[in-house]
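Take the sequences, apply the hints, and build the full model.
For the protein sequence lines, the chains are U and H, in the order given. Everything in the first sequence is counted per this note's numbering, starting at 6 for the first residue and increasing by one. Everything in the second sequence is counted per this note's numbering, starting at 844 for the first residue and increasing by one.
Everything labelled a hint here was simulated from the structure, so no lab data went into it. Any given hint might turn out to be false.
What the hints assert, rightly or not - Using 16 angstroms as the maximum straight-line C-alpha spacing, the simulated EDC-like pairs for lysine to aspartate or glutamate come out as follows:
| no. | chain 1 | residue 1 | chain 2 | residue 2 |
| --- | --- | --- | --- | --- |
| 1 | U | K412 | U | D216 |
| 2 | U | K97 | H | E878 |
| 3 | U | K91 | H | E965 |
| 4 | H | K935 | U | D136 |
| 5 | U | K91 | H | E883 |
| 6 | H | K1253 | H | E1063 |
| 7 | H | K953 | H | D994 |
| 8 | H | K925 | U | E123 |
| 9 | U | K104 | U | D168 |
| 10 | U | K261 | H | E878 |
| 11 | H | K971 | H | E1046 |
| 12 | H | K925 | U | E126 |
| 13 | U | K459 | U | D231 |
| 14 | U | K64 | H | E883 |
| 15 | U | K91 | H | E964 |
| 16 | H | K921 | U | E123 |
| 17 | U | K144 | U | E185 |
| 18 | U | K325 | H | E883 |
| 19 | U | K325 | H | E878 |
| 20 | U | K97 | H | E883 |
| 21 | H | K1216 | H | D1272 |
| 22 | H | K956 | H | D1011 |
| 23 | H | K957 | H | D1011 |
| 24 | U | K261 | H | E1025 |
Spelled out, the chains give:
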Amino acid sequence: MPTTEFGKILGHAQKFGADEAEVYFLDKRLITVRMTSGQVLESKGIHDRGVSIRVIRDKAIGTAVTNDLTRKSLETTTKDALAIAKIRGPAKHWKSLPKPKKVKPVPDIFDRKIAEMEMNETVNLAIRMLDQAKGFSRKIVDVSGSLNVFTDNVQIMNTHGVDVSQISTSILGSITTEAEKEGSRSSGVGFQGSCSLKEFNPERVGKESADMAVRSLGAQKLEAGDYSLILEPFPLAEVTSYVFAGAVISKMYQDKVSCFQGKLGKVVSDKSLSVYDDPTMAGCLGATSFDDEGVPTRRLPLIEKGVFKNLLYDTFYASKDNVASTGNARRTGNLPGRSYSSIPFPEPHNFVVDRGTQSKNELIEDTKRGILVGRIWYTYALHPERGDFSTTTRSGAFFVQNGEIKKPILPMRIYDNLPRCLKNLGGVANDVKQVTPWFGYYLTAPTVRFDSVKATPV
Amino acid sequence: MEDLAKVVMENALKLGAKYADIRIEHSRGEGFLLENGNVEHITSDSTVGAGIRVLTKGAWGFYATTSLDRKSLLDAVKRAYKMALSSSQRVKEPSKLAPVKVVQDRDVIKVKKKMDDFPLEERVQLAKDCDSTMRKVSKKIHRAAVSISGDTKKKLFFSTEGALITHDMMKCYLSLRAVAHEAGITEDQNHLEGGTGGFETIEKKDSIKLSEELAKKTTELVRAPTAPTEEMTVIMDQDFISLLSHEIIGHPSEADRVLGKEAAWAGVAWWKGMIGQRVGSDLLNASDDPQIEGALGYYKYDDEGVPATEKVLIRDGILVGHMHSRETAAVFGVEPNGGMRATSSQFVPLIRMSNTFIKPGDWTFEEMIEDVKRGIYAVGEKVPSIDNRRYNWQISCMWAYMIEKGELTKLLRDVTIAGTAPVFFKSIDAVGKDFILRPIPNCGKGDPMQTMYVGNGGPHIRGRAQVMGTRGK
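Listed below in structure tokens is the structure:
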């Protein structure tokens, strides 16, 4: 959308009575290739673009969204936003929309090759993932998965002079493989994501998935008990997305439903753990030089050497605590990446767990009685305020005894408590990988071990 | 738009499509969240879009756009066709569609109270009344939250077979949340009302009374003990059954899961290949039925233009059917039963639940409880934990009561119930006649993820399951 149109919307908003106004425009192109039963099921393309207009009058905030980009519709949407602000009434704590600040571009977040990928090329990449998994072993009986390729072109302008734009690309590949031998059936998962095509290795995704499935054949039941839980990055991302994130989002903390309530500045985990939100890492998924309100992003310590350091803030929730936004305003929807149809909410861009000094093998060798897991499933916080959570192992689960991987195991349900797990952190490896669970947050992390976790066979 | 849709479909055939359909939508939505007397945010959206599906050479292509002019839609159909051609590389099992009667119809649901008949100001006032009611119950209620949403949608479906269906829909819901805290114990409880129709679906409920009851119970719970951990007789209320029927009956009944086509993310189904076999006691009967007017999962035609019908899933404990698309119906050799829906025109339709439920029996609640020596009465649903075959389940309830010598005794907090599907289903020895269907507005499936409105429910059910108390404080 031409910048002149932004100026017109902001001008209209002020003419209609707004003290402040903001225009958020997103143009998204997404291609998804879905694979099932060892073949391509469907290829899908979406071109979605729209505008979110936010106005403030006498501290009352109103937001309205449209994807009809005609001038008439944009004027109506601006008036709708003002009418909503009037109904909403003043937010007494409100300070202001963001003021302009210097934005430092994050390198390597756009690859023209991804943005201009032809459909055939996308399908061929998907088939390369599929073929690698299918050809890995005769024991492979089913392969499915998806490849998502998207480009987000975002522009944000407000009446204080914020005027930022960015175009970024992402490619996410995932393969699930099923293997079978002598009545035993197992599954494996492989995932890789990146902002550039050259970093994306489709064969690796397929191979990882098939390898996990084959290694998991012959799984046996394990008895209930307390185990060291060794989570590889992919399952760890479920825990950070669905349990940990709720503890560090300012809105949850303000609502007193964070399991770290009252612990800011205090120890919440073993000192070997440091967790950040870092959207400034060159070329990584979730990388962005500004958030969805135009506030510059930064590497934000959340837990540093075991101490709880910061919450994630957008402008609205920061003003409630009389602090500055941490650059974590995000507008997320059903499609991966950004969405114009949601209002800003404080969320992580890319959780980062600092690497440890041990290799993954050393972490396993250091384990007396544990469960190594490659994929978990249905992870939920049962009581967010306490940090109780449950999840079930789905793929790549192995019993570890006296430092050795002894046998693959059938699904176990983990039912424990996040603060307890963090205090019982048994080690952090150095095998860092970036992953994302289904509909979750990006995570850049190594394998991590939590000791004395309760697990029951299902 | 009908003429333009026809032109686009004619172009699909000219390009070489064996089959194509287009869905054009105009949507409007308004929703807000009110917390502790203050409006946290209000959202308003007005969007348009079109999604075109093309089948050629046994493979599917799809393209969605937010531009509804002739040029954009003709470009979109070309892209969808190109997608299908790309998908068709090395197809081993070509997609086929089971035949259906071609329908031309206009479906307009009954709406008594439209958006403008119940202005946003009045909705906010209703929410404020609910909020203040909750907070007046006790000082222990440190947070009350109310949200009300309304979404209208006009949909046009047109296919190369000649189907032409328009839908005029509206869905609403009201969500109540009370959080109580005392002496280090926090209890956080929710209640949801809603359905297909206008705001009368919310207004007909006594939301003030519901708010008061929710706040009272939440307050009581902070002083309640938790449950013992042991296997025992469990009577589940209709709300608990709504999530159980969703997770353990609805999801594994989706034929795409049964065929392994959702294995990558949403999972598979443990009862694959078990049609005709016993999966539960004689008392277990379950169906999926989109035809229930007013329910959140109501529709007259699915997003393939197939008329809605009751899908009988379990009859007298025997697995008898699944939910189907035209494609899976062809694979199974059955009639399509209208199970395909997409969240919006941006997405391809998937096999989704509509209203999935356990059918009522002939027991009263009093009869169910009177011969239980020691058991649990599980009320409401909170959080599920399910394996990807939908075989083993664990669901936490909002609260529970001990049942001792045929009577409800202690109120219990933070109780979780677990079991395996066939063992639990076969243990069912009493099914109530007090059927209730509940709204579930956030069922997730697909890649990219689609969030769907569905209805789930049933009557009171009695069986045996593992009961667990809390692991935390």
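- [ ] Could you check the structure against the hints above and give me the numbers of any it violates, in ascending order?
- [x] none
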